[in-house]
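Read off the chains here:
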Amino acid sequence: MSNAAPLRRNLVTPMTLVLAALTAIGFYFIALRLIYGLGAVTSLSPGYPWGIWVVFDIFIGTALGCGGFAMAILVYVFNGAAYHPLMRPALLGGVFGYTLGALAVFFDLGRWWQAYNFLLPWHWQPNSIMFEVGLCLLAYTVVVWIEFAPAILERFKWFALKRLLERWMFVFIALGILLPLMHQSSFGTVLLAMSTKLSPLWFTIWLPLLFVVSAILMGYSVVMLEAAVVTQSFRLPSEHALLSRLSRVVGWLTVAWLVVRWADLIGRGVVDLSFAGDVKASMFWIENALFVGAALVFVTPAGRASQRASFLAAAALLAAGILYRLDALMIGLTPVGNWTYFPSLPEIMVTVGIISFEILLYLVFIKTFPVLEGASHSDTAHA
Amino acid sequence: MREVDRRDFLTGAGLATATAVAPSEASAIARPPRERLPQAVGMLYDSMLCIGCKACVAACKAANDMPAEVPPALSAWNENTWDTPEDLSGRTLNVIKVYRNGTAEQKDREIDGFAVVKRHCLHCVDPSCVSVCPVAAMRKDPVTGVVTYDPDACIGCRYCVYACPFGVPQYDFNNPFGKIAKCQFCNHLQKQGKIPACCDVCPTGASLFGKVTDLSQEIERRLAAAPGSAYAFPRGRLGDDRPPNEAKIPIYVKAVYGEHEAGGTQVRYLAGIPFAKLGLPTVPSQSPASISEGLQHAIYQWLIAPLVAFVGLTYLVRCRTARNRHDDAPNT
Chain A
1 MSNAAPLRRN
11 LVTPMTLVLA
21 ALTAIGFYFI
31 ALRLIYGLGA
41 VTSLSPGYPW
51 GIWVVFDIFI
61 GTALGCGGFA
71 MAILVYVFNG
81 AAYHPLMRPA
91 LLGGVFGYTL
101 GALAVFFDLG
111 RWWQAYNFLL
121 PWHWQPNSIM
131 FEVGLCLLAY
141 TVVVWIEFAP
151 AILERFKWFA
161 LKRLLERWMF
171 VFIALGILLP
181 LMHQSSFGTV
191 LLAMSTKLSP
201 LWFTIWLPLL
211 FVVSAILMGY
221 SVVMLEAAVV
231 TQSFRLPSEH
241 ALLSRLSRVV
251 GWLTVAWLVV
261 RWADLIGRGV
271 VDLSFAGDVK
281 ASMFWIENAL
291 FVGAALVFVT
301 PAGRASQRAS
311 FLAAAALLAA
321 GILYRLDALM
331 IGLTPVGNWT
341 YFPSLPEIMV
351 TVGIISFEIL
361 LYLVFIKTFP
371 VLEGASHSDT
381 AHA
Chain B
1001 MREVDRRDFL
1011 TGAGLATATA
1021 VAPSEASAIA
1031 RPPRERLPQA
1041 VGMLYDSMLC
1051 IGCKACVAAC
1061 KAANDMPAEV
1071 PPALSAWNEN
1081 TWDTPEDLSG
1091 RTLNVIKVYR
1101 NGTAEQKDRE
1111 IDGFAVVKRH
1121 CLHCVDPSCV
1131 SVCPVAAMRK
1141 DPVTGVVTYD
1151 PDACIGCRYC
1161 VYACPFGVPQ
1171 YDFNNPFGKI
1181 AKCQFCNHLQ
1191 KQGKIPACCD
1201 VCPTGASLFG
1211 KVTDLSQEIE
1221 RRLAAAPGSA
1231 YAFPRGRLGD
1241 DRPPNEAKIP
1251 IYVKAVYGEH
1261 EAGGTQVRYL
1271 AGIPFAKLGL
1281 PTVPSQSPAS
1291 ISEGLQHAIY
1301 QWLIAPLVAF
1311 VGLTYLVRCR
1321 TARNRHDDAP
1331 NT
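Chains A and B supply the protein sequences, listed in that same order.
All residue numbers in the first sequence are consecutive under my numbering, ending with 383.
All residue numbers in the second sequence are consecutive under my numbering, ending with 1332.
No lab work stands behind these hints: they were computed from the structure.
Just so you know, not all the hints are guaranteed correct.
What the hints assert, rightly or not - Selected chain A positions facing chain B (in silico; Cβ < 10 Å):
1) Ile35
2) Leu44
3) Gly110
4) Arg111
5) Asn117
6) Trp124
7) Leu135
8) Met182
9) Ala193
10) Thr196
11) Ile205
12) Leu329
Just so you know, these numbers come straight off a predicted model, no measurement behind them.
Note that the Cβ used here is the ideal one computed from N, Cα and C, for glycine as well.
Okay, chain B solo, but in the shape it has when bound:
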């Protein structure tokens, strides 16, 4: 046990120095990071309020017309009647996962405890999937900042799956006509003035919808409040008149996941144990898209460099072939 811990620590330290060095190097060529849109909408997922009822998973399936999922291990007795996804997949846009340790006695405790976490698209401020998509199938809404997917544009190259720092987009490999599955924040419901199904159905307010600016203030209030003090946790949409969930402020990890990761995201997480333990990937704050686009734009700005190279090469080749033809003349 101690051995394992020491090795974990060493590789962790190695990675930390590596990532500490790499971005400063890369930021030299990176384009400026994207700013968060003023009207951006997002979600606050508070892992400590979540009771793991999975009502959000069921509501998500219904709202997005997604099929039930049955892992092979359960297929002997579960004939598609009970949706039991274990992770995001081509059929699941939103999933609840559990962290377990030792006796798993107490919720939100790292040792001998357990905790729950919800996984889906975080709707990046500077999304890699939008940057890498060759056919603009992934788009970021210019007002709300919701990252949407258009299956009619998509060619299925799966660069978005490859590039997403959070492991979100999923191609349905088991379907010969598969498409990319990814949470679009119930954009179709938002257009009708409704809120995403998971936030709408959540009984405790663990999934809370709202403007990112408002959600940031809500996060600050929760982190500033004294643990154990009474607090009215809003449910559904922040600022709505839905009755709140009256509970006590828990002991939060004093950090917000999604504030800086990959240039910031519109979905934010609060939790009682370290985010990495919940399976949320450790992602540096430099947005990957800013590095690749920075270099690409530097080389291909107005196509000047390629055009100059083309003219130069054409001239060079013309001179050489003219001379060669002259040399070759007696042979022909």
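Isolated chain A (complex conformation):
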């Protein structure tokens, strides 16, 4: 069925050892948080009750895991069957982006031992955006594992189960597009309850649309970066031809995103706030410059042709999406009272640990399971 194969490389390398060490440090601080409380480990305050664990691990981390979702739109909605080789690695990114994001947020919960209340129908509060986001997110975490499951079943040669799963896979693929559309847009709706605190540079009724489309953009940029890094470092055949077709789509989608963003800003007459010369205004311009820079490379044929320019543009687009979320959730916010926030070192190390764990598991999986196409090629070449 698929031409993917496990990469025949050592599991233990200097890279994986460093990642494992960072993961261990992260979990050490999570243990401290559980024993001594959030205040002992984080810089959280009444003015900034959500720190980088929420913003990075969930709002940004799951958007980084949107590769599978973004590619599924291209492959199934727009019939881009040619992109199919990029599906499995993209889904694998989603598997860990979502699973570890859910794990991270669990430790961030102030009353984590009661987290199961979230699943008890008599506690449900359907007006809460958080409720909808949480359920969708948990559901998608299950769905993305199911979408990836054929790779695992192939590895263990459970072909009967694989055939059965693949017969019904279209349902999960559809859910795998619907659920992220729902919760990634609702991440924006979460902020619609912040009309009194969020700067008009970010607060708009278009937040849900801007959030879901930027998540798709981040998903594509992760797929591009991952393909470039993996093919380069494992000396696999380059996928640049396929990626440059993809980058044209991404370029025009970024342009469309910017048009909505700016039409709304101008329509509401709040552009003057971006000249206030404060931190919010500076971050606003950095964020927009990154979006525009990436779009310029991707919409011009010369930019797409250059492997280096495309790589940098994908990195810029990813940074833009990250910054947009950071701005909308934290920097654009004016809390009640004179509070400031900068993450503490243990807080940063937990997020670094979670991200390291994601990359570590990703590396282990592409070496254990059939994820990458072209991996079998290189096998024969190197064997």
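Put chain B on the given structure of chain A with help from the hints.
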């Protein structure tokens, strides 16, 4: 000084235009604002009657079984014997704060004066915390409108802390088993027919308990009375037979904080200096919950849109995968 004033003015003007534009845009998608409950109870806090004795802070701690608070700066000599909270926190539901300017000679004067203010939950008519809570730990009493908190339901996501326009709910970050702390208007005492501890203990009637409709009339009477005229300020519960505080009508700022803020609140403030100087946040009248819920309900009404999308996507994916399988056939 003049420079600072000018900059303040400019940013203030910028914000004013921004907030003037934003709500009209947002109100297009907002659901209708919640109406105040007819039997809603509330509080009138009159900053000009308050003498800053903090009896209400002590009574609140006792009534709600909250621990004493000692800021780190005072911990050298104050070993938990003297409760000295500086702001709302995981251990303090009600606090008295002071505004000071210049020589601080005269009470309720903006320049070279001082003033006191009491901070706690305002019990919104359309509370953000109730709207955002995923597990219904925050609830609004359907009769009295008191906003209550259930620690056994709460998962500690702190969305209520993030969303409250008034900065009221506080998570106790220093406790590994911390919960949200927030004034519940002594709901447990109200159920016994008593009134909130802060209003009960207040010697001057600065904190006055009552039905919101009655309190609104009391506010109108105070604002309409001639400054300097004698006035019997009720104490405890409005309409009770407790002897009033006989005093003179002061010069009020002709505004009521809490009447319109965030869709209106059940706690109202009167003061002698601008509310912003007292540290009360400037909040537009559109309730934030009406905007987010308006959009959410528009998209998720009866789950029709997601279900239609699901059916459409399933059909689309089915067609595509069937064709792909056909294409792939020779490979397998």
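Quiz item: If you check each hint against the structure, which ones fail?
Solution: Those not satisfied: there are none.
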